[in-house]
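Enquirer: Now for the letters of each chain:
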Amino acid sequence: MNKVWRCFPFLMVMLVVGFTAFAAEISKEQMKGLDEQVQEIKGDVLGIAAELYQLEEKLLYPSDTQVAVFISLAEDEEFRLDTVEVRIGGQPVANHLYTFKELEALQKGGVQRLYSGNITTGDHVLQVTLTGKSKGGSDIQKTENFTFSKDVGPKIVEITLAEKSLGFKDL
Amino acid sequence: MTRFLVVLTTLLFASSALAAPSDPSRETQELAGTTAPQELKDLFYGEALYHAFQGDWFDSIARLDTELGQFHGLDEPELDSLFPHVHQAEFAVGDFELAYRMHQRAGRAISAVIEGKVEEPVRNRAIYRLARLYFRKEQPVNALHALERIKGEVPADLRDHLAFLRAQILMTNGRPAEAALILRELQGAEDYEGFATYNLGIALMRDGHPLEGRQYLDRSGRIDSAVPATLAIKDKSNLVLGEKLLEEDLFEGAKLVLDRVRLSGSFSNRALLGSGWADAFQDRFERALVPWTILSEREITDSAVQEALLAVPYAYGKLGVYSKAALLYGRALQAFGTEVDKLGASIGSIREGRFLQALVREELKQDANWVVKLRNLPDTPETYYLLDLMASHDFQESLKNYLDLEELRKKLVVWEGDLSAFEEIIRLRRAYYQPLLPQIDRHFRQLDSQMRLRLEQRDHVEKRLQALLTAPRPDSLATGEERILKEQISRMEQALTADGEVASGEFGARIRRLRGVLDWKIHTDYDRRLTEAHHHLHDLNRHIDALQKQYSAFVRVRQAATQSYQGYDGVIRRQRHRIGEARETVTTLMARQGHILEEMAVNELSSRRERLAEYQIKARFSLADSYDRAARAEGLKKVEP
Numbered sequence: 001m002n003k004v005w006r007c008f009p010f011l012m013v014m015l016v017v018g019f020t021a022f023a024a025e026i027s028k029e030q031m032k033g034l035d036e037q038v039q040e041i042k043g044d045v046l047g048i049a050a051e052l053y054q055l056e057e058k059l060l061y062p063s064d065t066q067v068a069v070f071i072s073l074a075e076d077e078e079f080r081l082d083t084v085e086v087r088i089g090g091q092p093v094a095n096h097l098y099t100f101k102e103l104e105a106l107q108k109g110g111v112q113r114l115y116s117g118n119i120t121t122g123d124h125v126l127q128v129t130l131t132g133k134s135k136g137g138s139d140i141q142k143t144e145n146f147t148f149s150k151d152v153g154p155k156i157v158e159i160t161l162a163e164k165s166l167g168f169k170d171l
Numbered sequence: 172m173t174r175f176l177v178v179l180t181t182l183l184f185a186s187s188a189l190a191a192p193s194d195p196s197r198e199t200q201e202l203a204g205t206t207a208p209q210e211l212k213d214l215f216y217g218e219a220l221y222h223a224f225q226g227d228w229f230d231s232i233a234r235l236d237t238e239l240g241q242f243h244g245l246d247e248p249e250l251d252s253l254f255p256h257v258h259q260a261e262f263a264v265g266d267f268e269l270a271y272r273m274h275q276r277a278g279r280a281i282s283a284v285i286e287g288k289v290e291e292p293v294r295n296r297a298i299y300r301l302a303r304l305y306f307r308k309e310q311p312v313n314a315l316h317a318l319e320r321i322k323g324e325v326p327a328d329l330r331d332h333l334a335f336l337r338a339q340i341l342m343t344n345g346r347p348a349e350a351a352l353i354l355r356e357l358q359g360a361e362d363y364e365g366f367a368t369y370n371l372g373i374a375l376m377r378d379g380h381p382l383e384g385r386q387y388l389d390r391s392g393r394i395d396s397a398v399p400a401t402l403a404i405k406d407k408s409n410l411v412l413g414e415k416l417l418e419e420d421l422f423e424g425a426k427l428v429l430d431r432v433r434l435s436g437s438f439s440n441r442a443l444l445g446s447g448w449a450d451a452f453q454d455r456f457e458r459a460l461v462p463w464t465i466l467s468e469r470e471i472t473d474s475a476v477q478e479a480l481l482a483v484p485y486a487y488g489k490l491g492v493y494s495k496a497a498l499l500y501g502r503a504l505q506a507f508g509t510e511v512d513k514l515g516a517s518i519g520s521i522r523e524g525r526f527l528q529a530l531v532r533e534e535l536k537q538d539a540n541w542v543v544k545l546r547n548l549p550d551t552p553e554t555y556y557l558l559d560l561m562a563s564h565d566f567q568e569s570l571k572n573y574l575d576l577e578e579l580r581k582k583l584v585v586w587e588g589d590l591s592a593f594e595e596i597i598r599l600r601r602a603y604y605q606p607l608l609p610q611i612d613r614h615f616r617q618l619d620s621q622m623r624l625r626l627e628q629r630d631h632v633e634k635r636l637q638a639l640l641t642a643p644r645p646d647s648l649a650t651g652e653e654r655i656l657k658e659q660i661s662r663m664e665q666a667l668t669a670d671g672e673v674a675s676g677e678f679g680a681r682i683r684r685l686r687g688v689l690d691w692k693i694h695t696d697y698d699r700r701l702t703e704a705h706h707h708l709h710d711l712n713r714h715i716d717a718l719q720k721q722y723s724a725f726v727r728v729r730q731a732a733t734q735s736y737q738g739y740d741g742v743i744r745r746q747r748h749r750i751g752e753a754r755e756t757v758t759t760l761m762a763r764q765g766h767i768l769e770e771m772a773v774n775e776l777s778s779r780r781e782r783l784a785e786y787q788i789k790a791r792f793s794l795a796d797s798y799d800r801a802a803r804a805e806g807l808k809k810v811e812p
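Protein chains in written order, with our numbering: chain V, 1 to 171; chain C, 172 to 812.
Be aware that a few hints might be false.
[Said to hold, decoys possible] FRET-style restraints, in silico, Cβ to Cβ:
(1) C:Gly323 - V:Glu51: 38 to 48 Å
(2) C:Ala562 - V:Glu36: 29 to 39 Å
(3) C:Val728 - V:Asp170: 15 to 25 Å
(4) C:Gln737 - V:Gly137: 21 to 31 Å
[Unchecked claim] Partner residues are not named here, just some residues of chain V that face chain C (Cβ under 8 Å, in silico):
(5) Met31
(6) Leu34
(7) Gln39
(8) Gly43
(9) Leu97
(10) Lys101
(11) Arg113
(12) Leu114
(13) Ile156
Derived from the structure by calculation, the hints contain no laboratory data. Remember, predicted model here, so these are calculated numbers, not experimental data. Glycine included, each C-beta is placed from N, C-alpha and C at the ideal position.
Using the sequences and the hints given, assemble the complete structure.
Expert: Okay, structure coming up:
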């Protein structure tokens, strides 16, 4: 009897292992097929996204009036960026509060498209205000004005943020 | 038989599989192999990187696909701002697709980079990615073939990772001797501290050098480090080595090694269990009680803890303390009963869908250590039982698919709403412009014909003025008054000479004098008049330019007005249809994927429940046995003086 109940747990374990292995085998096949289908639908949805971007751009931001403002960080900047506000012609058009992930992405060299909109042709004043904290802990607030001219065709401007100053590129 | 059972059970949970660092920051580091270029010339590429650096793979791929699609459609791509970055961008797409687990597409993208004109370091990095992709998809032969294509310069930051991957692939392909050679070279590699030694030990054991293999496991089990990943592999080395020694009845050595495992690490429970058995097999049950008692007071959902709940009274039984043994068997029985009920309730909860709901909660996705956070979810206690399952590759892949599908579902819902908003915009624009445009067009046509007429006149004047530069004709610059006077003089002349002869006498002379004065004036003033005419033409041209600019601006705006509401119906209809189909597919796939996740969880909990049921049986028998022995011992005490 002693030997029987000693073997019993072993048999139970083997039964469980066997059952699990059998179930795992079926699941693996299902999972592989399903994984492929998931990849396929991702591709389809990406295709939809691409077409929708184009539709959106054409419908909402026709090239003759389109303006886009991009934000990047100057190299080796160590200050903590909290917010950026952009005004065009005195009117606020964009205001962003940065998460840690977004700040890290900018520090690695990524560029954020902060604002896409429409403006008339002619000269415009772009005002950029940044707030943040320096590495030493002191508050930073900087505001600068830039002038750019909007002609026919999309207008792209890039603002480069640094603790000491803001850079502007009219592309 | 009991010993074999113990060894089998612990081996099930401490397999001597290969170990690789799985630190999330290392994963991010490897993905950051797609870095921003030194000098970024294309802001849209930078935007794709911005999304990628945050792990928003969908947005980064969508952005980059759009950019590359537009780039490849250009007539002169070398003039585009993406041109300096195009190879990197094509590689990045494959990289991002890999991160988004679109392995089929990633494989094609990376293969395209490998076949294309890229520098050797870039190609070799791409091959490394491809090989790793195959390895993760459990295609070790393809992984090996991929690695064989590596030639020439390998980026310095990649060398150790490449060597380690090669060793892993060789091991999986059943070539441990070659793997061992590579792992020996990696012994000093900082990124693989502990891991290289551990894997070398495993490789040597598989290659038929158990003693040498054990020496390396022992070495990795003695590493002095503060790095959490290294400490984890140190614990694993000691656990695996301890199990091997237990298997070979080398109990003292096993005890020594198992006692090195940290009390706070994830291998601690199994090490405590094994350490107790190492003593128990030497009949040192009092010593065995030390680790087993510590273990029995830990979280009961752990299988090693559950086994300890039986092992502790077993030891007391061996020490002759039957009453204590009976008490502890009773407690174990009660605890197992509670856990069995909990597991039953958990299985019910999973079937009701609450497990999946917990998995898709937003806050989990913000943290790389979401698996650990899951155990604290108050509504789903079963998640604690599922930690081993949730750490497994299959479950993680399935869960990631489920979460990705959920993200896709949300996007598709938003896009459907966007399409309705677009239709509303178009409707408003049509309602505004359509009544206005016919009248505007009519007015424009009138102005257009007037303008054309004036432009023709201007062209004619310019031609005539140009002609005057080479063939002067002063008469053409006579003023209107002068022309009238000339006419009058001619009429008078005609009147005087009715028969055509030249007029004579006083009147004739006067007429000739008048004509002379007129001609004198016209001829002498010719240069000034010509200059003035050119100035006037220049002024006119300025106004014409302004007019033409305004004309072009009007034409553009007029076109834009029409384009703002025409030509979208077909596109929107098509998009709506595609989004609808995609939503259906996503819903179906989510149901299937969710079902698989639930089945995996239910299977795991069921196997745990069955094991606990088995333990309950053993506990009941042992409890009864202990009572018998306790009663007999009591009886003997009463009988003996």
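Enquirer: With reference to the structure, classify each hint as holding or not holding.
Expert: Right, here's what the structure says about each hint:
1. C:Gly323 - V:Glu51: 38 to 48 Å: holds (41 Å)
2. C:Ala562 - V:Glu36: 29 to 39 Å: Taking Cβ atoms as reference, Ala562 (chain C) and Glu36 (chain V) lie about 24 Å apart, which means the hint is violated.
3. C:Val728 - V:Asp170: 15 to 25 Å: Holds, at about 24 Å.
4. C:Gln737 - V:Gly137: 21 to 31 Å: Given range 21 to 31 Å: violated, Cβ gap about 57 Å.
5. Met31: holds (6 Å)
6. Leu34: holds (6 Å)
7. Gln39: It holds, given that the least Cβ distance between Gln39 (chain V) and chain C is near 5 Å, below 8 Å.
8. Gly43: holds (6 Å)
9. Leu97: violated (15 Å)
10. Lys101: holds (5 Å)
11. Arg113: Because about 5 Å separates Arg113 (chain V) from the closest Cβ in chain C, which is inside the 8 Å limit, the hint holds.
12. Leu114: With Cβ-Cβ at 10 Å, over 8 Å, it is violated.
13. Ile156: holds (6 Å)
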